[in-house]
Each structure stands twice: as structure tokens, then as C-alpha cells.
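Novice: As they're listed, the protein sequences go chains V and F.
All you need for my numbering is the position in the first sequence, starting with 1, plus 254.
All you need for my numbering is the position in the second sequence, starting with 1, plus 4.
Incorrect hints may have been included.
Stated by the list, open to error - Pairs of lysine to any residue, SDA-like flavour, derived with a Cα cap of 25 angstroms: (1) V:Lys313 to F:Ile179; (2) F:Lys281 to F:Ser296; (3) V:Lys313 to F:Glu181; (4) V:Lys415 to V:Asp445; (5) F:Lys178 to V:Leu308; (6) F:Lys265 to V:Gly381; (7) F:Lys175 to V:Ser256; (8) F:Lys53 to F:Asp36; (9) F:Lys53 to F:Met27; (10) F:Lys188 to V:Gly312; (11) F:Lys17 to F:Ser296; (12) V:Lys446 to F:Lys175; (13) V:Lys346 to V:Asp285; (14) V:Lys392 to F:Asp172; (15) V:Lys431 to V:Pro385.
These aren't lab readings, by the way, just hints derived from the structure by calculation.
These numbers were taken from a predicted model, which means no experiment stands behind them.
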Amino acid sequence: MSKEELIKELSDAIISCKKDNVLAAVEKAKDAGMEPAEIIEKGLAAGMNEVGVLFERGKLFLPHVMMAADAMAQGVKLLETDLGAGATEKKKAVIVNGTVEGDVHDIGKSIVSTMLQSAGFEVHDIGRDMPTKSFIDKIKEVNADVVGLSALMTTTMQGQKEVIEALKEEGLRDKVKVMIGGAPATQAWADKIGADIYAENASEAVKQVKEILSV
Amino acid sequence: MATEYDLRMGDGKRVFHSKNQIMDDLEAGSADAADLGEISALSSNELEKIAEIIMTKSRMVGVEPGKEVPVTHDIGTLRIDGDQGNSGVGIPSSRMIGCMMHERAFGADTMELGHIDYSFKPVKPVIAQECQAMEVCQQNMIIPLLYGAMPNMGLYYTPDGPFENPGDLMKAFKIAEAQESIEKSADHLTRDMIWIIQHMMKSSSDGVNFDTTGAAGDGDMFATLHAVEALRKEFPEMYIEVGMAGECVLGMHGGLEYDGKTLAGLWPHQQAPLVTKAGANVFGPVVNTNTSMSFSWNLARAVTFIKAAVEASDVPCHVDMGMGVGGIPMLETPPIDAVSRASKAMVEVAGVDGI
């Protein structure tokens, strides 16, 4: 089997969302002498990217994304020894995500958290209707690189601005990238309040976080 | 220099585009819908027709005589009185006055009574009050008055309800548990919606409007379709409207089916037959606005999806038009230039039966 075929098999195994398929494909690639980094980057990660695309197009759904992410984690674990201790534990970045105060909407924010988690980020979802102080406390506690602020109502969007102001007051603004989202949020609103990232949907959020952090 | 026409981006910002830019965006928007929904893109004549509507040199436009369609309203009952920094106008008035204003002053063809929380679950403890409000409104009104609320299945998950939040379970890779929680919540939601509407029908409601169906994903839609089916069986003559929350049913569960069809990932033209099969009289398809794209792009995309839904539906399609849907920009009070143009395109190109 050629390397291209092995890479395709790895990617297809991830898209199938089946752990057994992924483990078998990883063993096969290892036995064929493929480098662990190549197995992960060109095979498994490429498959996860495709899963993201299929999710965005309504062809795969949240449980499938989670199953694929789980299968990928198990596949990477098989390569742990070859990669060196602790190499697979390293997360891309730390993200605090939540819905701002006064807003009880949860689902969109949870999908974004799940997608970011499945993309390899360490995500701390602090829930909904969260006061500004809770965001700041969590950012400090986990030393976050990014904070995600969700709002589904025009009446609660102001909470996104308040968190940004609080970050400035705490001297954290330069250290933490701010991402906003939710139905009434727009790029213009992000520009107005000084957010770094605005995303239309969960897949876009993952893409933009990766871009801004260059990971 | 080519003539430029003032239009808007999806976030409402004013922009000036030439006819060529408008045509390019129309074509791309329609192609996007065709690609996602695996449906036909609009023909060049249809794109030209939408371009003409967009480029009309008037603040607002209207449909050609004889092409008027019914206009129904959802939570308008509360919009007169409401003033929470949203689109309410803050004029002190009861819900009945709100309904009557829509009937007698604003030209609404049907209206609905809705509770301030506008979800089914919170209506349970105040059902007697809602029944009385319905009776009083019916005694004072002529147009069909439905009871309206959102299925809003999120209220059945922790911390609002008894079942563990599938979002939290999913993040912990407890996928089977998350799916089970969705299934149990859906059963409860179906039961509650049926119970509430049984009471409203006893209080002379003309029917029900399930507003923002699918907001909590496929479980939300699953519950609603089953409630529609049961209500149709019990009340063969009642009006049932099913309006959607978004263009594509979110797959929070992923495996729920109705009539042998997986609900997750359904687009408007695939939703319509299931809504009809369950027993609804009116289907309210939704297409979301992309705030980063132009009005032309969004409108062509929305018309493409809705036209396919109208063709696939055996019941009238009353397209959802408003803030951030139906090609209309995401503005709290949607601008009349965009609302009237999008509405005209929906009637004259997509062929909708109502708005």
C-alpha cells in the first residue's frame, strides 16, 4: 500500500467516526513505517478537518464530531511512545467560553465549546448567564489565551463589551484574545467593541482561533 | 463609472454596488444554497428579476397587484407593550389590545396570543390565565387567533429542567447518555405541548403556532412533529403552523427519525414534507442571513432555498421574514428597504403563499 493510500485510510477512518477503524489504520500506518507526526498531521488531523467541513454542511452532526475526536485521541495515544512522553498531552491553547450575563442561551455556545475541544484546545465552558467577574476569574485561574463571549439577544450583547472593558482594567487585554458570537453579533459589532474574532458559526470559530493563534 | 445602487450588507451596513457586483453576488448566493441543499439554482431570468427588485429606485417596494399574500404575526401581541431595549415600542397595552391593533390597524391576516416567556414550558403553571386571555381575545376579534410559543427544548435540560444537559455530556464524551437525555426531554416536551394546546383549544383558540421549531436541534423538531401528529388526530379542524428556527436542523442527537427520515441536517425543502405528514396546515421555512455577505447574496440564497421548499410542500409556505432571516439584514428593527425588497422577491420569485 502506498503512503498516499495509507494517509487516505487514516483520514477515512476518522470520517467514519469509528474508533476501531482509526486504531486499525494507525497500526497499519505504523507497521508500514510512517512517521508518527505524519500519521497525525496528514492522516488523522486531515480527517478531522474534513469532519468539520461535513458538520458545517449538515452531513455530520455533533455526536459524530465527538466520536471522531475521541477516535483521534485514541489513535494519537497509540503513537505516544514513538512521539515521546507528554507530547500528546500538549493542548493547542486554553480557551474560556461562556454566555454573558442576563442571557440564558446555551446551545450555540456549547456547540462552539465542543468543536474547539475536538480541535485540540483546552476548553473551559463556564456556562450561561455568567457575570463579567466569572469570566475574569476563570481567565486568571486557567491562564487563558482566548475568551469566547456568546450572546443571543440584542439586549445582552452589551455584556460582551463589558468583559472586554474588564479585561483592560485588569491589564489582561493584551494577553487574551477575545472572540464574540451569537445571532445578533456581527463583524461591525466586534470592531466597535474591540473584539479580535467574530465567527458566524462553530466551524468558523475553530478556523479563526487557529489562525489568530497560528496553531 | 457604472451606476451604483445603495444596498446593505447582512449586518445592515450601507454599501454601493454596481449591477455587475449585484449579479455576481446573486449568482454566488444562489449557487451556495444549491450546493448545500442539493437543489436547483435560480435561473438567469429569476436572478435578473431579483436584481430589478434590488435596484428599484424607491425607498420601499411592493408586490404587483393581485399577488398579495396573507401576512401572519408571531409574538406581536407583546411588541406593542414590550420595551426591553428590543423591538418593542413600549406603549402600555394589554395583550388583547396588542392583538386587536394588529387585526384592526396593522392589517394582520392572522394573529397569535403569546406568553411573555414565549416558550411552552413556562405556560404550564399559568394555563388558567392563558385560557382566559384567549377567550377574551376571541370574543373581541374576527381574524384567526392562534396560540403561539416556542418548543424551546433547552428548558428541559439542567439547570432549567430535570434532564442532564446534553451539551455538558457531549463535552465529556458521554455520547449515548447525551442522546438519551435528548430523547427523554423530547418525550416530556411533546406531552407538555399537547397538554397546553388541548387547554387552549377548549378556550376557543383557532389553532397553534409552533415558533422556532428545532431551536434545540433535532430532538426539538422530533418532539414538535409528534405533538402536531397527536393534535391533528384529536382536533381534525384546527390550524397548525410549524415555523422553523433555522435553515438546517441541528444534529444534537443525530439519530432521531420521523417517518423514516433522519431529522438532523434537513434543509427547508426536506423539512416541508415531514411537517405536512405530521399534520400541519402551514409551514414556516427559515433561511439565515450571513452578516458578512451582501443583501444580494443573502437574498438570492434565501429565495433559492425557499423556492425549493414551496415546490416540495403540499401545504402553504409562510416564509419567516425579519431580523436576520429571509435575506433581511441582522438589525433589531429591520430596515424597510430590505424588508420590502426581500418580501417582494419571496412572493414573486420563490412563490411563497404567505409571510
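Novice: Take the hints in turn and mark each one as holding or not.
Specialist: Hint by hint, here is what the structure shows:
In summary, the hint linking Lys313 of chain V to Ile179 of chain F is supported, as the alpha carbons are separated by about 18 angstroms, within the 25 angstroms threshold. Taken as a hint, the Lys281 of chain F and Ser296 of chain F pair is broken in the structure, with Cα atoms around 36 angstroms apart against an allowance of 25 angstroms. Of the supplied pair hints, the one linking Lys313 of chain V and Glu181 of chain F holds, its CA atoms being roughly 22 angstroms apart against a limit of 25 angstroms. A C-alpha spacing of about 11 angstroms is found between Lys415 of chain V and Asp445 of chain V, which places the hinted pair at or below 25 angstroms, so the restraint holds.
Under the criterion of a C-alpha separation no larger than 25 angstroms, the hint pairing Lys178 of chain F with Leu308 of chain V is consistent with the structure, at around 22 angstroms. Distance restraint check for Lys265 of chain F and Gly381 of chain V: the Cα-Cα separation of roughly 33 angstroms exceeds the 25 angstroms cut-off, and the hinted pair is therefore not satisfied. For the suggested pair Lys175 of chain F and Ser256 of chain V, the alpha carbons sit about 36 angstroms apart, so the restraint of at most 25 angstroms is broken. Between the alpha carbons of Lys53 of chain F and Asp36 of chain F the distance comes to roughly 19 angstroms, so the proposed pair stays at or under 25 angstroms and holds.
Restraint check for Lys53 of chain F and Met27 of chain F: the C-alpha separation of about 11 angstroms stays at or below 25 angstroms, so the hint holds. Under the criterion of a C-alpha separation no larger than 25 angstroms, the hint pairing Lys188 of chain F with Gly312 of chain V is consistent with the structure, at around 24 angstroms. For the given pair, Lys17 of chain F sits about 10 angstroms from Ser296 of chain F by alpha-carbon distance, which is consistent with the 25 angstroms threshold. Of the supplied pair hints, the one linking Lys446 of chain V and Lys175 of chain F is violated, its CA atoms being roughly 32 angstroms apart against a limit of 25 angstroms.
For the proposed pair Lys346 of chain V and Asp285 of chain V, the alpha carbon gap of about 28 angstroms is over 25 angstroms, so the pair is violated. For the suggested pair Lys392 of chain V and Asp172 of chain F, the alpha carbons sit about 18 angstroms apart, so the restraint of at most 25 angstroms is met. Restraint check for Lys431 of chain V and Pro385 of chain V: the C-alpha separation of about 19 angstroms stays at or below 25 angstroms, so the hint holds.
Hint check: violations occur at hints 2, 6, 7, 12, 13; the rest are consistent with the structure.
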